[in-house]
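**Student:** The residues making up each chain are set out below.
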Amino acid sequence: MTTKRVFPSEFPRPLPGTEFWPFWEACRRRELRIQRCLECGELRHHPRPYCPGCRSRRFEWALMSGRARVVSWTICHPPVLPAFADRVPYQAIVVELEEGPFLVSNLIGCELDDLAFDLPVQVCFVDIDDELTVPQFEVIPRP
Amino acid sequence: MSAGLRDRAAIVGIGQTAFGRNLGRSELDLACEAIMAACADAGVPVGSIDGLVSYDIEQVAAWHLGSTLGLDGLRFFCGTPSGGGGVASTVGLATMAVATGAAEHVICFRSRNRSKAASYGPGHNQGGRPWEKTTSGLADLRQFHHPFGIAAPVQEMALIARRHMGVFGTRAEHFGMQAVAQRHHASLNPAAIMRAPLTLDDWASSRMIADPIRLPDCSLENDGAVAVLVTSAERARDLRQPPAYVLGAAQGYHTIHTELADTFARSGLFGGPSTIGGRAIAERLFGMAGVGPGDVDAAMIFDHFTMAVPLTLEQYGFCPMGEGGPFIATGATRWPEGRLPVNTHGGSNGEAFVHGFNHLPEAVRQVRGTAVNQVEGCEIVFVNGAITDTHGAVLLRC
Ligand SMILES: [Zn+2]
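Read top to bottom, the protein sequences are chains A and B.
When we follow this note's numbering, the leftmost residue of the first sequence carries the number 21, and every step to the right adds one.
When we follow this note's numbering, the leftmost residue of the second sequence carries the number 303, and every step to the right adds one.
No wet-lab data here; the hints were simulated from the structure.
Glycine included, every Cβ here is placed at the ideal spot set by N, Cα and C.
Heads up, a few of these hints could be off.
Claimed, not checked - Derived Cβ-Cβ restraints for the label pairs, each shown as a range:
| no. | chain 1 | residue 1 | chain 2 | residue 2 | range |
| --- | --- | --- | --- | --- | --- |
| 1 | B | Ser508 | A | Tyr70 | 40 to 46 Å |
| 2 | A | Ala82 | B | Asp442 | 29 to 35 Å |
| 3 | A | Tyr70 | B | Leu502 | 46 to 52 Å |
As the list claims (entries may be wrong) - Now the stretches of chain B that chain A is said to cover, found in silico as 3 or more residues with beta-carbon under 8 Å:
| no. | segment |
| --- | --- |
| 4 | 305 to 317 |
| 5 | 333 to 347 |
| 6 | 454 to 465 |
Based on the sequences and whatever the hints tell you, model everything.
**Tutor:** So, in structure tokens, the structure goes:
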């Protein structure tokens, strides 16, 4: 899914070229990729240069299914970042990916009152502009 | 476990400035006043200070203190990770210094001026309000929070608190009850900024900041400085005040709240086995001290937000995992009737926020028997740093 949002102020933006940048490049391609150790297979997020499990420096950016569940949320009231000022109150969530790692994100198309633990969600990607795409989540309708 | 640092050192002097908004004084100025007050309290000449311990993020440089207070004898310097994590760790480090002879009179201090002139600047650690800062070109791990609207500690703590509620059934009211207890303590403390009592109804109708955290759950934004003087147990016996002996001191690695993905994956704040943070520190701390959580008479718990109190109670074994909220609901943390009064000076939402450092002099006053909200028969007091960071804890005894 592609959605464009308009933000009133400069959007908080990762600096290209750091060791974290491949995460954002993958989002641009509408892929959620997380570092996986090539020695022991452990997934880790945030990105880091060594595996905390086995200390190997060898890793790949592994493609995630994008399926996750909501394990926490908050509803933010002022004061907030200037780019988010026109959205208050807005929600932010922590999801646990099907593969294990956790991620801070937001839920799209969900009323604040409907936030709940264990909501099944699926990643989607929102273009902030021509350079930045952020991963967001949508509720998977229960069968 | 080894007795290690047990009874090798004592806090012999405490000093603090007035606490308030926009005191109009620099952090150096405030630090000097608190340090001199700690020396005067102990009866130790300021020029005898030979060691300084502070947080890594402290903005008052050792050389500026040396040049301002004439501390020509300085020979020991040391910092400890993060901000609120380091409260109690500083005392442990000072204890090591005096136990090894690296120094004899060690000052641990924190100074904060939160007025805009002082806290806005280019320095990474220079206070400032994170939600007001421009955040383009994020080169660090803030890039995994800020693009999702998570920028302030209160928002990060809200996500941690909500998870705790989901796993254990903790209720937001439990945080509110702790806010009310601390404001009750503050209302009786002339040094406190927030003297007006707070009821649970007031709390429930107060402004929401980051659901489930409300305004009275939050630490204050104010200026002020605090210092404590640590010396060896032998030297302590010659000084003016009854010593507050360091019965145990320990530090430990922990994930930080600014890296929430890692906190959720590894911290142990939400149950399950944990080899990091509070539970690991508790084992070392109580092992060294030869006492248990049940022997503690009062606790000064780092409370950037009141949600930290139930989590700390659990991690350090004052109650079982997941029962921090119900523990507070019994009134256990409220002075004078509670069985473990917590933050008897009013804590960070009542007395002042000095990055938790004002908890140290209150612990000393409780051990001396001179606190305004004195716990009867108080012999052992617990102090810790931020449960959500790499932090440390100490036990003080009379
Ligand atoms: Zn590995």
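**Student:** Now, for every hint given, state plainly whether the structure supports it.
**Tutor:** Tested hints:
Judged by the Cβ atoms, the range 40 to 46 Å given for Ser508(B) and Tyr70(A) holds: they are separated by roughly 45 Å. In this structure, Ala82(A) and Asp442(B) break the distance hint of 29 to 35 Å, their C-beta atoms being roughly 23 Å apart. Between Tyr70(A) and Leu502(B) the beta carbon distance is about 48 Å. The supplied range of 46 to 52 Å therefore holds. Under a criterion of three residues with beta carbons nearer than 8 Å to beta carbons of chain A, the stated coverage of the segment 305 to 317 of chain B fails, only 0 such residues being counted.
Counting residues of the segment 333 to 347 of chain B whose beta carbon lies closer than 8 Å to any beta carbon of chain A gives 0, which falls short of the minimum of three for the stated coverage. As drawn, the segment 454 to 465 of chain B meets chain A at 7 residues by the rule of a beta-carbon pair under 8 Å; at three or more, the given contact holds.
Of the numbered hints stated above, those contradicted by the structure are hints 2, 4 and 5, listed in ascending order.
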